[in-house]
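Sequence order for the protein chains is A and B.
The working numbering applies: residue 1 is where the first sequence begins, and numbers increase by one.
The working numbering applies: residue 1 is where the second sequence begins, and numbers increase by one.
Quick caveat, the hints were computed from the structure, so don't treat them as lab data.
Just so it is clear, the structure is predicted and the values come from calculations on it, not from any experiment.
Note that CB positions come from ideal geometry on N, CA and C, so glycine has one too.
Don't take every hint at face value.
Said to hold, decoys possible - Calculated cross-link-like contacts (lysine to aspartate or glutamate; reagent style EDC-like; alpha-carbon spacing at most 20 Å): (1) A:Lys-52 x A:Glu-75; (2) A:Lys-104 x B:Glu-79; (3) A:Lys-104 x A:Asp-116; (4) A:Lys-69 x B:Glu-84.
As the list claims (entries may be wrong) - Here's a subset of chain B near chain A, in silico, CB distances under 8 Å, partners left out: (5) Gln-114; (6) Ala-117; (7) Met-121; (8) Gly-122; (9) Ile-229.
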Amino acid sequence: MIEIHNIHKSFDGKKVLDGISGVFETGKTNLLLGASGTGKSVLLKCIVGLVKPDIGSVTFDGTYFTNNKLDIRQEIRRKIGMLFQGSALFDSMTVEENVEFPLKMLSHMPKSERMDRVNFCLQRVGLENANKKMPSELSGGMKKRVGIARAIAPNCTYLFCDEPNSGLDPLTALKIDALIAEITEEYNITTIVVTHDMNSVIEIGEKIMFLYEGKKIWEGSRDNILDAEVPELKEFIFANRLMRDAKKVEKGAAK
Amino acid sequence: MLHNFGQYLLFLKTLVTRAESLKIIFKRTIDEAILIGTNSVFIVALVSTFIGAVSTVQVSYNMVNALIPRSTIGFIVREMVILELAPTITSIVLAGKVGSSIAGGLGTMKITEQVDALEVMGVNSVSYLVLPKILASLLVFPMLVVIAMFLGLLGGYVAGTATGELTAQEYITGIRIDFIPYNVVFALIKSVIFSFLISSISSFRGYNTSGGALEVGAASTTAVTQSVIAVLIADFISAQLLL
Ligand SMILES: Nc1ncnc2c1ncn2[C@@H]1O[C@H](COP(=O)(O)OP(=O)(O)O)[C@@H](O)[C@H]1O
Ligand SMILES: [Mg+2]
């Protein structure tokens, strides 16, 4: 469980996060939903410690993270896996080396054990025959898979994904979403997914926070998001024609 | 300007605080050194050979006084090559070649969030990425300068004898007149200083890139320009202090 408390962040006097608090549950896929530029990525970076919040704190399973001693922060970081928006694979390394990298840096596993783990993780994300490929030879969806494999390689307890399906076709996007949700449940980890995609919401949104202009203005799940009465959220959801139609059908059925 | 310099100093400080394990740094340094060496040895060899050759032809062209022995040409070329041309010109060439590649490489890693990926894993990205590049430069630049010295003198020999300006015997005698071994040491000290300036300034520029591909290009250009200026200033100061 990850708790965030009253996170504020400004860049050059411009307020990006304006006091966000909330709880992200273990074993669930927690979504951070919002339009582009509302500060979702910044919030995610505040949680993992890449950006230091001006005010506010983050707690991982009861351990205070922000501003804590370096070795405690490092200890928590070793349990964090992160999938970046552009995958952020190390482009001078092969797929295999990318996935092996965190194991090499963070654990004392011998080489053979590391390779077993690498192959296991690559298999888990559905990439059996790509070990020796370079990131530049991969498609967008494959890059995301390698990114996920690298994130889960060190047996992470917390998984963060920044727009895991941006830039993918709808079918591949669905598969990546499903993979993240499966892994979350299978290993009982705490997952936070940043997205602006209503498809993801409907597919995997077990717990959703909606951000608007740096504030959390709605919280719920995929079961009640279509009934939300917050105007900004309604505008966001029903910007999509399909969603409007879905709502009509639902209403019709209820009558 | 002053703010930038302060940031540069802070950047240098992060290099050594919470460094990665020696084994990792050592391995990465060797990798980087091989890369820097193999990528630059050709251009350094080419430039230094030609500079030695051109220097010889020009010096000889300007020495029309029959009272001065022809071997003096070899002497002057040696002084120029060892003291100034080999360390400084090589460093300027390397600022272009190595500096831009360091800044471009780090800049790309920065904007594609590869640096963030390292940091999230708890790896000190500055120590992991930058320290090996600087150590490798400190190791390889002096080697390249030694090669440049040798090839500069060789280029002078070939050009001098091929054009018939002086005989092989005169050239060899010339480059052995009043040889002061300290000059070689001086040149190597300079090359170590230059290599640190080039690699650290370029790393600083690359590491602080934000934005997109355009900014990476700009960071590379700035890195080369600032490295060259720093080398020239350091060249002047070290001539004042060490000679
Ligand atoms: N390092 C930074 N420096 C200055 N401004 C930033 C920085 N990172 C993000 N921002 C600004 O914060 C706002 C929110 O960005 P971001 O969190 O990336 O949005 P999104 O919700 O689309 O992920 C944007 O206006 C962006 O310009
Ligand atoms: Mg974002």
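Each hint tested on the structure:
Taking the CA atoms of Lys-52 (chain A) and Glu-75 (chain A), the gap is about 17 Å. The hint holds against a cut of 20 Å. The straight-line distance between the Cα atoms of Lys-104 (chain A) and Glu-79 (chain B) is roughly 50 Å, outside the 20 Å bound, and the hint therefore fails. Under the criterion of a C-alpha separation no larger than 20 Å, the hint pairing Lys-104 (chain A) with Asp-116 (chain A) is consistent with the structure, at around 13 Å. The straight-line distance between the Cα atoms of Lys-69 (chain A) and Glu-84 (chain B) is roughly 50 Å, outside the 20 Å bound, and the hint therefore fails.
Proximity of Gln-114 (chain B) to chain A holds as hinted, the smallest CB-CB distance being about 5 Å (cut-off 8 Å). About 4 Å separates the beta-carbon of Ala-117 (chain B) from the nearest beta-carbon of chain A, less than 8 Å, and the hint is met. With 8 Å as the threshold, the beta carbon of Met-121 (chain B) comes within range of chain A, its nearest partner Cβ sitting at about 5 Å, so the hint holds. Because the smallest distance between the Cβ of Gly-122 (chain B) and any Cβ of chain A comes to about 4 Å, under 8 Å, the interface hint for this residue holds.
The interface hint given for Ile-229 (chain B) is broken, as the beta carbon of that residue sits about 29 Å from the closest beta carbon of chain A, more than 8 Å.
Of the numbered hints stated above, those contradicted by the structure are hints 2, 4 and 9, listed in ascending order.
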